[in-house]
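J.: Protein chains in written order, with numbering that gives the first Met the number 0: chain A, 0 to 353; chain B, 0 to 294.
For the record, the hints were derived by calculation from the structure and aren't laboratory data.
Every residue, glycine too, gets a C-beta built ideally from N, C-alpha and C.
Check each hint, because a few of them may be wrong.
Stated by the list, open to error - With beta-carbon atoms standing in for the labels, derived distance ranges: (1) A:Pro-177 <-> B:Leu-7: 49 to 55 angstroms; (2) B:Gln-5 <-> A:Asp-214: 51 to 57 angstroms; (3) B:Leu-129 <-> A:Ser-224: 56 to 62 angstroms; (4) A:Leu-113 <-> B:Leu-280: 49 to 55 angstroms; (5) A:Gly-302 <-> B:Ala-53: 30 to 36 angstroms.
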Amino acid sequence: MITLGWVRDRGLSRGGTSGVVIATALLAVVGALGASLYLVLAGSSSYDLIIIFGVNAVLVVGLQVLVGNTGIMSFGQMAFVSVGAYTAGILSVPAAQKKGILPHLPAFLRDHTLPVVPTLVIAGLAAAIVAVIIGPVFMRLTGIAAGITSFGFLVIMNGLIRNAKDYTRGNETFFGVPHSATLPVVFGALTAVVALAAIIKWSRLGLRARAVRDDPLAAETAGISMLFSRLWPWVASGFISGVGGALFAYQLTAFSPNSFYLAQTIPIVVMVVLGGANSVAGALVGTTLLTAWQEFVRNLENGNVGPLHFGAVRGIAQLSIGIGLVLLLLARPSGAIGSREPQLSLRARSKKVH
Amino acid sequence: MTNFIQHLVDALSVGSTYSLLALGLTLVFGVMGLVNFAYGMLIVWSGYAIGLLAGWHVNVVLAVVAVIGVATFLSLVMGEVAFRPFRKAPPLTLLLTSFGVSLILQASVRIIFGEGFRRVPTPSVLGNGLHAGGVRISVLQLVSVGTGTLVVLGLYLLLQRTTLGLQMRAYAEDADVAGMMGVRTERILTAAFAISGVIAGIVAMIWLAKIGTVQPSGDLNPTIKAFIAIVIGGLGSIRGAVLGGLILGVFESFLVAYLPSVLLPYGEALAFLLVIAVLVLRPQGVAGRVVELSR
Numbered sequence: 000m001i002t003l004g005w006v007r008d009r010g011l012s013r014g015g016t017s018g019v020v021i022a023t024a025l026l027a028v029v030g031a032l033g034a035s036l037y038l039v040l041a042g043s044s045s046y047d048l049i050i051i052f053g054v055n056a057v058l059v060v061g062l063q064v065l066v067g068n069t070g071i072m073s074f075g076q077m078a079f080v081s082v083g084a085y086t087a088g089i090l091s092v093p094a095a096q097k098k099g100i101l102p103h104l105p106a107f108l109r110d111h112t113l114p115v116v117p118t119l120v121i122a123g124l125a126a127a128i129v130a131v132i133i134g135p136v137f138m139r140l141t142g143i144a145a146g147i148t149s150f151g152f153l154v155i156m157n158g159l160i161r162n163a164k165d166y167t168r169g170n171e172t173f174f175g176v177p178h179s180a181t182l183p184v185v186f187g188a189l190t191a192v193v194a195l196a197a198i199i200k201w202s203r204l205g206l207r208a209r210a211v212r213d214d215p216l217a218a219e220t221a222g223i224s225m226l227f228s229r230l231w232p233w234v235a236s237g238f239i240s241g242v243g244g245a246l247f248a249y250q251l252t253a254f255s256p257n258s259f260y261l262a263q264t265i266p267i268v269v270m271v272v273l274g275g276a277n278s279v280a281g282a283l284v285g286t287t288l289l290t291a292w293q294e295f296v297r298n299l300e301n302g303n304v305g306p307l308h309f310g311a312v313r314g315i316a317q318l319s320i321g322i323g324l325v326l327l328l329l330a331r332p333s334g335a336i337g338s339r340e341p342q343l344s345l346r347a348r349s350k351k352v353h
Numbered sequence: 000m001t002n003f004i005q006h007l008v009d010a011l012s013v014g015s016t017y018s019l020l021a022l023g024l025t026l027v028f029g030v031m032g033l034v035n036f037a038y039g040m041l042i043v044w045s046g047y048a049i050g051l052l053a054g055w056h057v058n059v060v061l062a063v064v065a066v067i068g069v070a071t072f073l074s075l076v077m078g079e080v081a082f083r084p085f086r087k088a089p090p091l092t093l094l095l096t097s098f099g100v101s102l103i104l105q106a107s108v109r110i111i112f113g114e115g116f117r118r119v120p121t122p123s124v125l126g127n128g129l130h131a132g133g134v135r136i137s138v139l140q141l142v143s144v145g146t147g148t149l150v151v152l153g154l155y156l157l158l159q160r161t162t163l164g165l166q167m168r169a170y171a172e173d174a175d176v177a178g179m180m181g182v183r184t185e186r187i188l189t190a191a192f193a194i195s196g197v198i199a200g201i202v203a204m205i206w207l208a209k210i211g212t213v214q215p216s217g218d219l220n221p222t223i224k225a226f227i228a229i230v231i232g233g234l235g236s237i238r239g240a241v242l243g244g245l246i247l248g249v250f251e252s253f254l255v256a257y258l259p260s261v262l263l264p265y266g267e268a269l270a271f272l273l274v275i276a277v278l279v280l281r282p283q284g285v286a287g288r289v290v291e292l293s294r
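Next comes chain A alone, as it looks inside the complex (with noise of 0.2 angstroms):
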């Protein structure tokens, strides 16, 4: 008999990686019935609006894999989704226009255009490479220093992006990226990201880096590297996190180093903490609540609720997001879900949950 539970991850509990497989396709299979269901229900008007989750839903599980697995908080993922960004821009521009766009790129790049799923894979695994590089710097800070020092990367990394001119057009607007992002290529891609993430989560790597979150002095005396537990969800979070930014990219199709900033990585952080940060299906609760919020705080500051008009008022999305933000951590700070994953099992009882 197949059941469905929920397993926590305190302890030994440790899922079967099988299970969150089954369970993961069946979240795709689900979740696209439901979007597709949604878009006849909705009109095609709303197609925008699910790629907008699919693509978040990309960066939040990105953000998730690294916080879910070694409680380190980071604010400069938009570093790694700017990364990812460029990388697929540079890549998939069409080459007869990018001897216009951007002129002085290497004969190779500005050559040759490639299709989308190699082009994901390279934005993810660039920014991966940027991971590598600064990780054994970051993952020696835990709590506030590593807030700020990831604020810091993101700053780095944003000034790096305004002045690699010849690959980034600098200030100026990077535009010509094909309008890729579809509904299979997002949703395939979110697919393939959260069983990467659920896969880490229930490794041996995803064990010891939480052993280290919990204790780390009693995971080091169980000889356990904190640096090396901590380094690979750091980079396997700079991975996701770079695809999610060559899906960014190709859902914006134009874009500037201020579309990866501050006001961009905040509802990132939001949505992680709303679903459950130490949960990957938290990561899709938490990205889904609060997209469907922005959405509808969005028509509310347009002045269109429903049947209703009335005067656009701007700042009511913000205002909402942080009462909600600061009501959220203190009601339930470990977030909707909590840590909690939904389990497929082949036997007669799922495990028990305390």
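Mind docking chain B on chain A? Use the hints.
T.: Frame of chain A; chain B shown alone:
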């Protein structure tokens, strides 16, 4: 040589402002472990207050008092309503809360005053300059260094020579034991936020006189400067905040003066590189008070 002295004067002026910014932030951190990201919004709100007061043609002295009053009031509201319920929370939760608070304060500015820039009127006398042997010192620079010195002195006396100061230091050291020794702990947070607000009001006037305009997102720059300064100096340390601010001022001024022009656009990135180096190599900061950064 004249050039060097000029840069030093500029560095001192900028640095003293950064020190003040850092003081307000570090005081609250010392007491409750909160790195208050919403601190910069006090400066933005003060800016709009200055604009309104100038529009009503309020006397300058009265206006100064009123601006400090506004910042103190906001800081108290922020502390009592938003942060007091979190006083036992881990620092990271506190930091996230302060993100929420800064969103709230920024959104209310947007709703009340709108999106665009506003000019912040300043007394014209501040723009006058004094010349001494080829070095130019503006009145504003003198005022900012002078105010900085006075505030640091005042804060030092408050913390070292008054009962309240003693209680605050005891509370920062160990809140529970301080409570057992008869410190009315619930008042300490109020006092910390009040002092932080007064400092924010003072530094707001100097900061805004230097940049001349205010906008809803104008909090980011002062907040970041204060962050950098307190990390360089050592979180939670008063001496560290002063030193960190001055170091950042010197660093920035001399960077602009002596850096090859290719590297100039990387100014802020280099400042953060310094911050990361300090965090990794000397997490207790320059001033050297050991604090638990990662609870």
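J.: All hints are to be evaluated individually against the structure, with a verdict given for each.
T.: Cross-check of the supplied hints:
Checked against the hint of 49 to 55 angstroms, the pair Pro-177 (chain A) and Leu-7 (chain B) passes, with Cβ atoms roughly 54 angstroms apart. A hinted range of 51 to 57 angstroms holds for the C-beta pair Gln-5 (chain B) and Asp-214 (chain A), which are about 55 angstroms apart. In this structure, Leu-129 (chain B) and Ser-224 (chain A) meet the distance hint of 56 to 62 angstroms, their C-beta atoms being roughly 60 angstroms apart. Between Leu-113 (chain A) and Leu-280 (chain B) the beta carbons are some 41 angstroms apart, a value that contradicts the proposed interval 49 to 55 angstroms.
Taking 30 to 36 angstroms as the suggested C-beta distance range, the pair Gly-302 (chain A) and Ala-53 (chain B) conforms, at roughly 33 angstroms.
The structure does not agree with numbered hint 4 stated previously, though it agrees with all others.
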